[in-house]
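Engineer: Here the protein sequences come in this chain order: R and H.
As numbered in this note's numbering, residues 1 to 204 make up the first sequence, in order.
As numbered in this note's numbering, residues 205 to 564 make up the second sequence, in order.
Result set (EDC-like, lysine to aspartate or glutamate): computed pairs, CA atoms no more than 16 Å apart in a straight line:
#, chain 1, residue 1, chain 2, residue 2
1, R, Lys125, H, Asp380
2, R, Lys53, R, Asp67
3, R, Lys25, H, Asp270
4, R, Lys55, R, Asp67
5, H, Lys235, H, Asp514
6, H, Lys371, R, Glu117
7, R, Lys103, R, Asp80
8, H, Lys304, H, Glu291
9, H, Lys371, H, Asp451
Hint data in this document are derived by calculation from the structure and do not stem from the laboratory.
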Amino acid sequence: MASPYSPPMQALIDELGRMPGIGPKSAQRIAFHLLKVPEEDARRLAQSILNAKAKVRFCEMCFNISDEPQCSVCSDERRDRTMICVVEESRDVVALEKTGVYKGLYHVLLGAINPLEGIGVDQLKIRELMMRINDAEPAIQEVILSTNPNTEGDVTAMYLQRLLAPFEIKVTKLASGLPVGGDLEYADELTLGRAIEGRREVGA
Amino acid sequence: MFVRRVELTNFRNYESANLAFSRGTTAILGKNGQGKTSLAESIAYLSCLRSFRGVPNESLVRIGTDSAVIRADVIHDDGRELLIEAEINLNGRNRVLVNKQTLRRTRDLLGVLRATVFSPDDLAIVKDGPALRRDLIDDALVAIDSRFDAIRTEVDRVIRQRNVLLKQAGGRLTEDVALTLDVWDEKLVAAGTVMGEERASLIARMNTEVPNAYDQLAERHSAVELRYEPEWRSRGLAHALAEARSDDIRRGVSTVGPHRDDIEISINGLTARFHASQGEQRSLVLALRLAIHRMVAEAVGSVPILVLDDVLSELDPDRANALIANLPHGQVIITSASGVPEETKPDAIVRIAAGEVIES
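When you get a sec, could you build the whole thing from the sequences and use the hints?
Structural biologist: Following this line, the structure appears as structure tokens:
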């Protein structure tokens with residue numbers, strides 16, 4: 001079937017459609033929107049994509065996104081250098097930083113073990129993590145495995161757990177449980193089940 | 205529970221249709237190819253979120269459109285009325301709303317509407333390979349307790365990941381591959397063991413229910429037995445996977461696990477798949493469905509909606525009558541091309557032609 005759009009329009013829709021979370025319908029909607037905006041707005045968008053592409057890179061230590069060789073966390077002298085929190089993506093760093101609770105360093109794997117999507121151990125920054133732990137000065141005391149609580153995230157955490165077992169390092173996992181401000185009765189059974197398993201003694 | 209009304213938009217061959225059902229028995233009549241099975245399928249979809257014929261969800265959407273909607277008014281035994289709206293989208297995610305509230309996961313719909321569907325294709329459960337028998341058991345487990353769906357999804361996902369990993373290994377078991385397999389195996393052992401236990405305990409219960417149902421339908425006694433004895437269960441899945449590893453690597457696929465299980469069905473000591481007559485096989489699938497229907501009703505304390513899609517016409521009058529006589533009391537929806545056997549005494553009759561309701 002021939003495309004109902006002119007080639008430049010179809011190309012734009014195709015490119016937008018390759019973005020994560022954007023289906024053909026959304027791609028179409030965004031494309032039509034872009035055609036309507038003033039040319040300078042479109043230019044600014046295009047420029048900011050190129051700018052980000054040119055200036056933002058991965059931190060050489062932890063693979064968080066950064067505009068310097070080392071990211072703002074790694075270069076911050078006040079952070080606890082004996083703790084590493086392992087996450088799948090940079091956006092997880094952002095989420096954890098917003099809590100203001102964690103004062104250690106991060107390591108971004110850039111994904112999780114997912115053979116179906118062609119991501120194996122070698123595609124992740126696992127070797128770099130192990131090298132970092134080996135060479136760390138001061139020595140790493142604790143690694144917090146903070147991969148996503150789904151099948152692939154769990155498997156990745158289990159894999160790291162096995163790699164880290166020979167080291168004399170405390171390995172912990174984020175507690176999974178109930179959202180604050182939520183009602184117990186609305187929690188799904190899996191979350192509630194994990195929350196029961198991970199219960200803690202109160203008082204003393 | 206019962207379904208009072210179903211409204212279809214761009215579902216299979218229906219552009220739009222609105223059907224009212226009796227709380228008792230509703231007969232849906234129409235020539236072949238007019239949309240009777242589509243109706244049955246819409247109800248089945250709401251109960252298990254997929255086609256009972258095993259076709260991909262995309263083929264439930266009317267050709268030339270990109271989204272189908274099923275709306276249904278369901279009344280629970282306690283009088284609670286629920287409006288279910290399910291949207292099947294070719295592009296993007298499917299969506300389910302209950303009383304206008306979007307469900308966070310479509311899976312949360314399981315249990316809101318329960319249905320047992322008898323279909324002429326069911327004969328394949330006895331005649332074909334093990335996959336349909338596993339589905340029968342797993343579907344029953346989900347109907348009894350929808351939490352089983354999470355186990356089933358996990359096993360399925362881990363097996364798919366593991367198979368890709370084995371294929372990528374290209375026949376060589378390197379240290380890296382071994383370590384990665386170890387963790388997938390650990391996941392598979394956790395979920396697979398539970399799956400095996402659940403299947404075994406359901407089948408143990410079926411071994412009293414199915415023979416009863418069979419004797420009632422065939423109106424004479426035969427020794428019907430279900431056997432679920434996968435080799436891995438006797439040794440433990442962890443052990444079995446470890447032993448199968450070199451085989452798995454060589455063949456590039458998971459050769460051992462719950463995804464390979466079979467449930468053997470025998471009549472008078474002979475495997476039904478190979479040795480039973482056509483008539484016996486037909487009675488057997490009816491007995492399997494009927495037994496599960498009763499067990500679900502018993503377990504959840506409410507009789508699921510029963511859909512008999514074109515099955516009565518395939519049965520001789522004695523068996524058809526025996527089936528009708530042995531159904532638990534609940535809502536029944538019967539589709540037929542050739543009229544309805546008198547014994548079913550329908551409370552309402554709906555006539556269908558070319559994807560439209562012409563009389564109800």
